[in-house]
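Chemist: Sequence:
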Amino acid sequence: MNLKALWYDSKVHVGLTLFLIWLLAIWQFRTDLNILRIILYPILAIFTIALFDVGLTHLRYRKNYLPTATVVSGFLIGLILAPSEPIWVIIAASILVSFSKQFIAFGIRRHILNPAAFGIIGVNLIFDTTVSWWGVAWGWFPLVILVPLMLRILWRLHRLYLPIGFLTFYALYLLISQPFDFVIRTLTDPTVLMFALVMLPEPVTSPVNGYFKYGFGVFVAIIAIIFSNFGKLSEIFLPALLFSNLVTFYLIKIQKYSK
Numbered sequence: 002m003n004l005k006a007l008w009y010d011s012k013v014h015v016g017l018t019l020f021l022i023w024l025l026a027i028w029q030f031r032t033d034l035n036i037l038r039i040i041l042y043p044i045l046a047i048f049t050i051a052l053f054d055v056g057l058t059h060l061r062y063r064k065n066y067l068p069t070a071t072v073v074s075g076f077l078i079g080l081i082l083a084p085s086e087p088i089w090v091i092i093a094a095s096i097l098v099s100f101s102k103q104f105i106a107f108g109i110r111r112h113i114l115n116p117a118a119f120g121i122i123g124v125n126l127i128f129d130t131t132v133s134w135w136g137v138a139w140g141w142f143p144l145v146i147l148v149p150l151m152l153r154i155l156w157r158l159h160r161l162y163l164p165i166g167f168l169t170f171y172a173l174y175l176l177i178s179q180p181f182d183f184v185i186r187t188l189t190d191p192t193v194l195m196f197a198l199v200m201l202p203e204p205v206t207s208p209v210n211g212y213f214k215y216g217f218g219v220f221v222a223i224i225a226i227i228f229s230n231f232g233k234l235s236e237i238f239l240p241a242l243l244f245s246n247l248v249t250f251y252l253i254k255i256q257k258y259s260k
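Following my numbering, the numbering of the sequence shown begins with 2 at its first residue and continues without gaps.
The hints are simulated quantities; they were obtained by calculation from the structure and are not laboratory data. Mixed in with the good hints there might be a few duds.
[Claimed, not checked] Cβ-Cβ distance ranges computed for the label pairs, FRET-style: (1) L173 x Y258: 18 to 26 Å; (2) P149 x T187: 16 to 24 Å; (3) L188 x I255: 13 to 21 Å; (4) Y66 x I177: 42 to 50 Å.
[Stated by the list, open to error] Taking lysine-lysine and the DSBU-like style, the derived pairs with C-alpha atoms no more than 35 Å apart in a straight line are: (5) K12 x K214; (6) K12 x K257; (7) K214 x K257; (8) K254 x K214; (9) K64 x K233; (10) K12 x K233; (11) K233 x K254; (12) K254 x K64.
In this text, a Cβ means the ideal position worked out from N, Cα and C, and glycines have one as well.
Kindly produce the complete structure, drawing on both the sequences and the hints.
Modeler: So this is what it looks like as structure tokens:
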């Protein structure tokens, strides 16, 4: 990949956005007892995912590539899993990311499930880890970076309908039983916006063609609402995303073979 192609790679732009949020978090928690982990964990996650992903791709397909997407997945793991978790949890989540990309897929770099969500929920279910979204949950300042940069990226990719559909349906649901100010606070919550703007529209696992692409965000919101009302999950958005990834994959596959 040449420098020009790298510059126009949307994954690089998303990675840069998360990098800036990480730097802001480092400054915010500069006196925290976990500051070394805050600095180390995203770097460790990126390195581990890249090592396994590039290595397995070469062994399985005899192909080499620049793993720009690992920067996004690595930062998400480092910014969402609590920095108080032991180092092996970060390594395990990173290995699960690579596993999902390599073996829960239908071709080279054509994974079915959102890799970062799979890794995070995987260690959450296996080791009962904390899904804290700490990197953005501490205040409103991360939104100054997150919102304008991600809106620009999604606008260029023509994928704004995904977060808009998700947030609109979720807002309508909340308005049934909650006051308007609560709905606004929820929709502008940094964790909700990080999910809606970064994880939900991941280009490989969210639909890009057909009518499914317009309803995917709404479908994720519906599943999240079902999980929140009938499940006992501490985290609802990431499991809802993974379930929706799987359902959408099979719906598109059925539609393709029915033609």
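Chemist: Evaluate each hint against the coordinates.
Modeler: Taking the hints in turn, this is what the structure says about them:
1. L173 x Y258: 18 to 26 Å: Violated, at about 34 Å.
2. P149 x T187: 16 to 24 Å: 21 Å, holds
3. L188 x I255: 13 to 21 Å: Violated, at about 33 Å.
4. Y66 x I177: 42 to 50 Å: 47 Å, holds
5. K12 x K214: Distance ~19 Å between K12 and K214 Cα, so the pair holds.
6. K12 x K257: 28 Å, holds
7. K214 x K257: 15 Å, holds
8. K254 x K214: 14 Å, holds
9. K64 x K233: 42 Å, violated
10. K12 x K233: It holds: about 33 Å lies between the C-alpha atoms, which stays within 35 Å.
11. K233 x K254: 31 Å, holds
12. K254 x K64: It holds: about 26 Å lies between the C-alpha atoms, which stays within 35 Å.
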